[in-house]
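Protein chains in written order, with this note's numbering: chain F, 850 to 1175; chain P, 21 to 351; chain U, 78 to 435.
I should point out that these hints are in silico values taken from the structure, not numbers from a laboratory. Fair warning: this is a prediction, and the values are worked out from it, not measured in the lab. Ideal Cβ placement from N, Cα and C applies to all residues, glycine included. Any given hint could turn out to be false.
To be verified - Computed list of lysine-lysine pairs in DSS-like fashion (alpha-carbon distance at most 27 Å, straight line): (1) U:K262 / F:K1065; (2) U:K234 / F:K1065; (3) U:K152 / F:K1072; (4) F:K1072 / U:K234; (5) U:K152 / P:K282; (6) U:K234 / F:K1063; (7) U:K310 / P:K282; (8) P:K152 / P:K221; (9) U:K310 / F:K1072; (10) F:K1072 / U:K262; (11) U:K262 / F:K1063.
To be verified - Chain F regions said to be covered by chain U (calculated; three or more residues, Cβ under 8 Å): (12) 925-933; (13) 1064-1076.
Said to hold, decoys possible - Pairwise CB distance ranges (calculated): (14) U:G385 / P:G149: 29 to 37 Å; (15) P:H286 / U:E315: 14 to 22 Å; (16) F:R885 / U:V121: 42 to 50 Å.
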Amino acid sequence: MAVNAENLEQLAPGFGARVVDSFRRFFDGDVFYSFRRSPITIVAFVVTMMLFFASFLAPWIAPHNTNDVASLNLMNAELPPAWMEVYGVQGSAEFPLGTDNQGRDVLSAIMFGMQISLLVGFASVLLALVFGTILGLISGYVGGRTDAIIMRIADVQLTFPAILIALMIDGIASAVIQGAHGAEVSFVVLILAIAASQWVNFARTVRGSTLVEKNKEYVQAAKVIGIHPIMIMLRHVLPNVTGPVLVIATLSLALAVLTEATLSFLGVGVPVTQPSLGTLIRIGNDFLFSGQWWMTIFPGAALVILVLAVNLLGDWLRDALNPKLR
Amino acid sequence: MAQTPVLEVRNLRVEFPTRKGTLVAVDDISFHVNEGEVLGVVGESGAGKSMTGTAVINLLEPPGRIGGGEVYLDGRRIDNLPYEQMRRIRGRQIGMVFQDPLTSLNPLYTVGRQLIETIRTHTDLSEQGARKRALELLAEVGIPSAERRIDQYPHQFSGGMRQRVVIALALCVNPRLVIADEPTTALDVSIQAQIIALLKKLCHEHGAAVMLITHDMGVIAETADRVAVMYAGRLAEVGPVQQVIQQAKHPYTEGLMGSIPKVGHHTDRLAQIEGSMPRLTEIPNGCAYHPRCPKAFARCFAERPDLITQGATDVSCWLYDEELQRVEAHG
Amino acid sequence: MADFAATALDKSQNRQTGGAGAMESGAAAQPLVRVEGLAKYFDVSPPLLTRVLEGQKKAIVRAVDGVSFAIPQGKTFSLVGESGCGKSTVARLVVGLYRPTRGHIEFEGTDLASLRTRAQMAPLRKRLQMIFQDPYASLNPRWRVADIIAEPIRAHKLMDDDRGILRRVGELLEQVRLSPRDGEKFPHEFSGGQRQRISIARALASNPEFLVCDEPTSALDVSVQAQILNLMKDLQRELGLTYLFISHDLAVVYHISDYVGVMYLGRLVEWGEAQQVFGSPRHPYTRMLMDAIPDLEMTGRQRIPVAGEVPSPIDPPSGCYFHPRCPFANERCSAESPMAIPVGSGEVACHGVEEGRI
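Whole structure, please, built from the sequences with the hints as guidance.
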C-alpha cells in the first residue's frame, strides 16, 4: 500500500517528459498516420506552409519593399512578367511577375498583401472562435431559455449572408467614426465584421458537441463530486469539443481570407496604403481589359491557391478527427 | 455421423490488416451445426464470436477478410461464392436476428410490407398469398392481433415485439440456418425469457439449424443443445451444453462458470479469473489463456493446443493431451 | 448548518486515520440513508407551440412515484427492476443530480433538500459518491488517470501539496488493485474492467461513506464482473462503505445485497432482506422476475412464461400498476393502488398479499 518517495519521481515525470510524451503520442497517433497516407494533404500542407513563410517573412525575403512609396519608380510601371514581351515592352528579371501601374513589383505586392490578408483572417477567426465557443458552451450546457436566446440570435444572423453583415458593420462603423479613422481603426472594423459573420458556425458546432458531452457520465461524475458548473464547462466539456472547433477554424480561415478579399475588392476593406490580396485584385482589375492581366491574375491565383490549400487541410482534418470515417 | 451438418466450418480464420500488422480476430476454428440443433457460441467481448457469425454469412466489414478455411452449407462450399450468389443464399437459406431489432427493420415501411416483400422476393407467392403467410408468421411469433399490427410501423412496436417481428422476418423463407447474434441482450429479463422460448420452439418446428451467439451463459443454458466457448479468437471447448456447463473441461470455461453469480448459492466471493482477455495485438504464444490459467505448465507457454476429444466434448487444452495423461497414470 | 459541516469534517478526518472505526460507531439504530416518499416527474411534453397547434396534451412521466426505503450503515441496499422502472432515477436523485418532485432524502438525519447552495452541499458531497454504468463514458478521455482520481481531492481541497495528492492517488490505485504507475496513462489505454476500477478509485478519493452504484457491472463481461463485485465487497469490508446498488441482474443483486427493493413503473413493490425477497418472494412481480432468471443448473424446471410487457410510464394502468400482467389480479387491483404492508423484515405493496390470497 505504501507509495514511497523514490518512485514518486516516476509517477510524476517532469514537464519536458510530458511534452516529449505528447509528441510521441501525436506521431504515433491516427491523425498523423492519416496525414502520411494522404498525398493531397501533404501537398496542401507544404503549399500552405510555403505561402505562410513567404508572406510573414516578406519584409526580409521580398525582392522589393512595396510599402515604401519612395522606392517606387513610375519608369517601371506596367512591366509584364519577366519572360514576356507585351506591346513591345520586355519584362525585367528585377520584377519576376511584372509591375503594376505605379511600378510596384507584383510578386512583392502579393507577398505583402497575403500577409495582410492572413493577419486579418487569423485575427477574425480567433475572435469568432473565442466568442462562438464560449456562447456555444453556455448555450449547450445551460440549456433552457439561455440556449433559446443565443440560438435564435444565431438563427437570425444566419439568414443574412456573411458578406452583407460584414458590409453592414463596416458601413455603420465608418459612418460613426467618420473622418478620424486611421488605418488601425479600419483594420479593427474589418476584423470585427468578418468575425461577426463567423461566430455562428462555432457556436452551433460547439453547442451540438456540448449537448452530447454534457450527458456523458464523466460530466455527471464531476457534478456528483461537486465541481462548479463553470469549471465543468472549461475543464471537462471544452477539451472534448475542440476537435470540431479546429476543423471549423481551419475552414473559416479560408473563408475569412475570401471575405476579406471580397470586402477589399469592393473597396470597404483595408486601407489602400496597405493593400491586401483583395485590394491588389481590385486595382489590377481596372487594367484587365487593357491587356495588363498580370496585375490581377497573379494576386487572384495566389488567393485561390491559398484558400484551396487551407480548405484541403480543413477537409482532411475533419475526416481525420471523425472517428466514424476512420 | 452419417447426416450432413447444415453448417460446417473448417479452420476458419478472420483477419484484419492494420497499419501495425495483421490482426487475427478468429483463429483457426472448426465446428458444425446439425439440423434442428441450436449451437450456442459463447465468449466475452472481443472473443471473436460475432466475427465468426459475420464471416459465416460473408458480411465482414472491410478491411476484415476471411484469411483461410472453408464454410459449408448443406455440404456446399459458400465462403468463396461471388457476391451475387452469396446474397441469394443469404436471402433464401440463412435467416439473421441481431441484437438491435431496429437495425434490421426499415423504419419507413410497415412491418407487413417488409414481410411480404421478403416472402415475394424469395418465393413465387402472390401478394395475397404472401400477406396470408405474413399474418401466419406474425401469429406464430406471438404477436397479438396480428391483423391490426401488420400495417403498423416498427416504431409502434415495443423492443420485445420488434424482436419477434425480426424473428418472423428471419423465418419467413424457411431458412436452413438461423444466425442469432445476441438476440436478447437489449431486452429485459422477462421479455428475454419469452424470446428465448420462442426462438427455440420455432427452430425445432422448422427444422432449422441455429447458431446462437451470446455472452450470456444463462441464455445458452436455456436454449442451446451444444455450446462452443470462444476465447481470444480461438475455440476453447465445444460440447453438449449440459456437460460444458456442469463439468467444464477447459480451465477458462471452468473459471467463467465460477464467476457467474447464482441466485440461491450464497458465496461471499465469486471465483475470479485474474487479468483480462488479451487484445488482438497482444495474444500470447502457446495457449492464449496461459497467462491467466491457474493450471498452466511449460507446454502451454510454448505450444498452441488443438482440439482434443474427451468423450462428447472437444477441448483445446494440454491438460487433456494423451501423453500427459499417460505420464500421470504411470507416475 | 455550520455544526453539521463541522461534524462532517470530523468524520472524514476520522476515516483517514482508521477506516473501520466509522462502521462500529455507526451501528446505532439510525440508518445512514433514508428515503421517504421520493418522487420525480419529468415533463416530456412536446414544445408549447406544437401542443397548441396539434392539440396535444402535456405528457408527464412519473419516473419515480413515492419510493421509501432506508439503508443501515455498512450495508448494501439494491434496487432491481426492468428498464424504465425508475431505479436509475432514484440513484440520480439520491446523489443530487436531480431535484426530487416530492419526498425527502436524508443522510444521517440531514434532509438534502435543506441544502440549497453548492457551498452547503459541499461537506456532504464528499461523503456520498457515485459509480456509473458505462466505463467508457464515465472517465474524461482527455485527462490522465491521476488527474481523474485527484479531482475530488482537489475539488474539496482535502490536500494541497502535489506530492501528497500524488501519493494518495497511488494508494487509491493500489486499493483498486491497479499499479500507481497507471496514473500517468490515459483512460483509452485500459480495458473496461480496469476503467471501472479507476471509476471506483475516483469515487473513493474523497473518503466517502456512501456509494451509489448505478449498474456498475452491466457493461462488463462476466469474468470481469466477478472481479469488480469481489473488489466492491472487499472495499465495503475494509472501509465500512454503505452501498445503494442499482441493477437489472437478479443474480448480481442476490450476490451483493443485504437488502433488496423491487421496482415496477416507478414504485417499490416489495423490499426486504435479500434472503427473504429471494427465498420467499411475495409480490407476483417479484415472483415473475425470479422465474425469468435463466436456469444455469439445468434442472429442466418448467418455467411459466411471463405474459405481457412493461406499460409506458406516461400512461400507466389504473390501480396497481402491475394488474394487467398479474395472474392474481381482481377488481380491487384495477381500481385501487395498494399500500405497502409490513411482511417479515420488509414491506410488500399488493392487495393479494394483504388479503391473504397470495
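Okay, the hints, checked on the actual structure:
Straight-line distance between C-alpha atoms of K262 of chain U and K1065 of chain F comes to about 21 Å, which keeps the hinted pair within the 27 Å bound. For the proposed pair K234 of chain U and K1065 of chain F, the alpha carbon gap of about 25 Å is at most 27 Å, so the pair holds. A distance of roughly 25 Å separates the Cα atoms of K152 of chain U and K1072 of chain F; the hinted pair therefore holds under the 27 Å criterion. For the suggested pair K1072 of chain F and K234 of chain U, the alpha carbons sit about 16 Å apart, so the restraint of at most 27 Å is met.
With a CA separation close to 20 Å, the supplied pair K152 of chain U and K282 of chain P stays within the 27 Å bound. Proximity of K234 of chain U to K1063 of chain F is assessed by CA-CA distance (about 25 Å); at most 27 Å being required, the pair is judged to hold. Simply put, K310 of chain U and K282 of chain P have alpha-carbon atoms about 16 Å apart, close enough for the 27 Å limit, and the pair holds. The suggested pairing of K152 of chain P with K221 of chain P holds, with an alpha-carbon distance near 21 Å, which does not exceed 27 Å.
In summary, the hint linking K310 of chain U to K1072 of chain F is supported, as the alpha carbons are separated by about 26 Å, within the 27 Å threshold. Under the criterion of a C-alpha separation no larger than 27 Å, the hint pairing K1072 of chain F with K262 of chain U is consistent with the structure, at around 23 Å. As the CA atoms of K262 of chain U and K1063 of chain F are separated by approximately 23 Å, the hinted pair is consistent with the 27 Å bound. Counting residues of the region 925-933 of chain F whose CB lies closer than 8 Å to any CB of chain U gives 0, so the stated coverage by that chain is violated, three being the minimum.
Coverage of the region 1064-1076 of chain F by chain U holds in this model, with 11 residues showing a Cβ closer than 8 Å to a Cβ of that chain against a need of three. For the pair G385 of chain U and G149 of chain P, the beta carbons lie near 32 Å from each other, so the given range of 29 to 37 Å is met. Restraint check, H286 of chain P to E315 of chain U: a C-beta distance of roughly 21 Å satisfies the suggested window 14 to 22 Å. Checked against the hint of 42 to 50 Å, the pair R885 of chain F and V121 of chain U passes, with Cβ atoms roughly 49 Å apart.
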